[in-house]
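Going down the list, the sequences are from chains C and X. For the first sequence, the working numbering begins at 1 and goes up steadily by one. For the second sequence, the working numbering begins at 1001 and goes up steadily by one.
Bear in mind the hints are in silico, worked out from the structure with no lab data behind them.
30 Å max Cα-Cα, derived DSS-like pairs, lysine-lysine:
id	chain 1	residue 1	chain 2	residue 2
1	X	K1183	C	K3
2	C	K15	X	K1024
3	C	K221	C	K104
4	X	K1190	C	K4
5	X	K1437	C	K12
6	C	K107	C	K76
7	X	K1151	X	K1184
8	X	K1148	X	K1076
9	C	K15	X	K1437
10	C	K15	X	K1197
Chain C is nowhere near these chain X residues, computed Cβ spacing over 12 Å in every case:
id	residue
11	K1075
12	K1144
13	L1230
14	I1299
15	N1353
16	R1387
Taking CB as the label site, the calculated pair distances span:
id	chain 1	residue 1	chain 2	residue 2	range
17	C	D269	X	L1106	53 to 61 Å
18	C	N272	X	Y1384	36 to 44 Å
19	C	Q275	X	W1046	51 to 59 Å
20	C	R141	X	S1432	35 to 43 Å
Think of the CB as a built atom: it goes at the ideal place given N, C-alpha and C, for glycine as much as any other residue.
If you want the building blocks of each chain, they are given just below.
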Amino acid sequence: MIKKDYKISLLKIVKFLIILLIVDFALGTISQYVFFNQKTGKYARATHAIEKTEAKVLIFGSSHAHRHYIPEVLEKELQTSSYNAGAEGQQLLYHSALQKMILKRTKPDVIILNVDEDFLYGSQAAYDRLSDLHPYYANHREDLKPILEQQSRFVDFKLFFKSYQTNSTLVHAIRYYLSPQIDFKGYRPLYGKLSASNKLKMVETDEIETVIDQNFVTGFKSFIAKAKDNNIKLVMVTSPNLVQVDHTNNKSLSMITEIIKNEQVTFIDFFNSKQFLNRYELFHDSSHLNNDGATLFSSLLAEEIKKMKL
Amino acid sequence: MLFNSFDFFIFLPIVLILYWVLVKNIRLQNILLLVASYVFYGWWDWRFLSLIALSTITDYIVGFRIQNASTQYVKKRWLWVSIVFNIGLLGFFKYFNFFIDSWVDLLASIGYQSQNVWMLNILLPVGISFYTFQTMSYSIDIYKGKLKPTKNFIAFAAFVSFFPQLVAGPIERATNLLPQFLKKREFTYKAFSYGIKLMIWGFFLKLVVADRAAIYVNAVFNNIENHDGLSFIVATLFFAFQIYGDFAGYSLIAIGTAKLFGFDLMTNFRRPYFSASVGEFWTRWHISLSTWFRDYLYIPLGGNRVVKSRWLFNLFITFLISGLWHGANWTFVIWGALNGIYLIIEALLFKKNRKGLLNVFVTFCLINFAWIFFRANTLENAIYIIRDIFTTPGRLYIGSGDDIAASLYATLAIMILLVIETKKEYFNRIFSISKNKLEVVRLTGYALVVFIILYFGVFGESQFIYFQF
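Work out the full structure: start from the sequences and follow the hints.
Below you can see the structure in the form of structure tokens.
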């Protein structure tokens, strides 16, 4: 009797798994079709960068990259093509993964990485947001596995299911299908000026509760190595800030600049740049430039790059 | 180890296969369950295994002492040993800092400022409120003559630490669960498939309903100064489903897991938001705890077989303590007290067995009002939220960036849950995929639920809310 129940149970499990795989394959394929056919939004931009862009100047980084670098300005000044692959809220591990996937298909002449001062500080959000890479896992397993394994073990098992690969992407796809999120070669301008009446104090970086995450350090070094291996000129840039900031105690930035120096990477530093300090009319908020600020910044950056004859 | 972790998905099949391989030897099965349970718990923090072991040994010995005591007086003394030990564990690990803090605040309120406050940096052992109550029930039931102590220490230790329900219940009675460790368990397809179904639905409740709703709830309740009344109302409604999804989800996974091993655990939730009175709500919500308090506190206090004023006092004090059981914070005490007051008002003003949708709606609102205290980070926050709900509706926060999607997914998941529970509550006999004659339809139905979990679930391996209790 018991043996019979074992057999029935095993048989039912097998049947259930087969049906589950069919359901997952069918609905997962539809979901992936929807995902990869998005025209606008963050996923569409990432997909474009990974699968289509042939730009010769590629920009990487977080929201500061996404909102500060205008490809059209760079193209005009440098007489070459450009695409902004910056992604809001993402950090080094994501940028490193994106770079690897892009470089497998195309080789730009220049890669610009916008460096945030806190790039190397530990952040759970940075790990959680790596799920944005899941849809690309099937086609880029060897590049993504080492990075995604830092977020979660058993990546292969989790991402075996097509439905999990596109987990939670449907609303995003519908949203930007109904209301397209326009971008200009990956750049999305911010409008509006910060009110000068909002007196902002000089900010001292608080480094007491911040710990360097060695995975991020490895990711940063790997980003540099990948560009070097592919003979791509790499430029590290820091974005301008509104008010004077003292970074002397910022361990993350100190380590970043040390690595840049050791690796002999070109570094263009706009932190505390006098052309932007206290110029409220160039900022959308205390951390991000508006379109006027981004235009000025992109022009100044292009000039610097031209001067360096990269 | 968390149910919603991949560690568990490896752990469970290994233990399950070994367990049924040993089907002919109950003792070896119990040893395996004991070891597996200690591994399960130790995965979180092995240091606190000693507390479970101590609680096990104490109540094992106390059980015999009570049974063999020559007089009622001696029996009672041994019962107190169990109660003092278990409540002492709880008091030290869970309430020590709370009482010190509250005492200091009380002194400060009458003008005496303490200079040196002796606080301890204590980590709360997961599930301590659950297993201490479970072991206490063993000693109390022996004292009451409902149960004889078992000589089988392994079976008793496995009963105390049974991993499916160790850290967040259901809080089992020794009279129900312990005998199951002493007899041969049979593997049946019926129990196995039912267990899997319960687990699938439990994971849906946890990963799709609770963890999705949590994103909006946390965004609002953790930043109250940036939100207004409308957002607080929506966040409270979401919290009602978050805590239900979280806790009922855990209970279903626990009951389902136990079924796989041939054990029957008690039902812990029966669609509580369809209750037509607060009294009925407490017969449907966290049933294992509310019946525990009924049997071991409310009835010993006299229950309702006393004069009316004493009965109402018994009701109130039971819920006040139930509130404190949930957490060492005044928010939980007020939550418990509020439920006690609801019940007193119901007892005084309304007839029993109320029915009707209007009563269901009113009860749901009352329960939600109490949830504000349960979820708010502090008492001050709760008062701020309630004030804003009634005075400053403001604009509804719908989330920013990916949070908007999270809110929509949560809404969708809650709607699915409500449709299914409405069907079960009012139209149980019509259309049921799980009872369809065609096997392929049934299996496809379950596969679709798994698909929804994989496609819409949150896979951050988040803790279950009740772990903190």
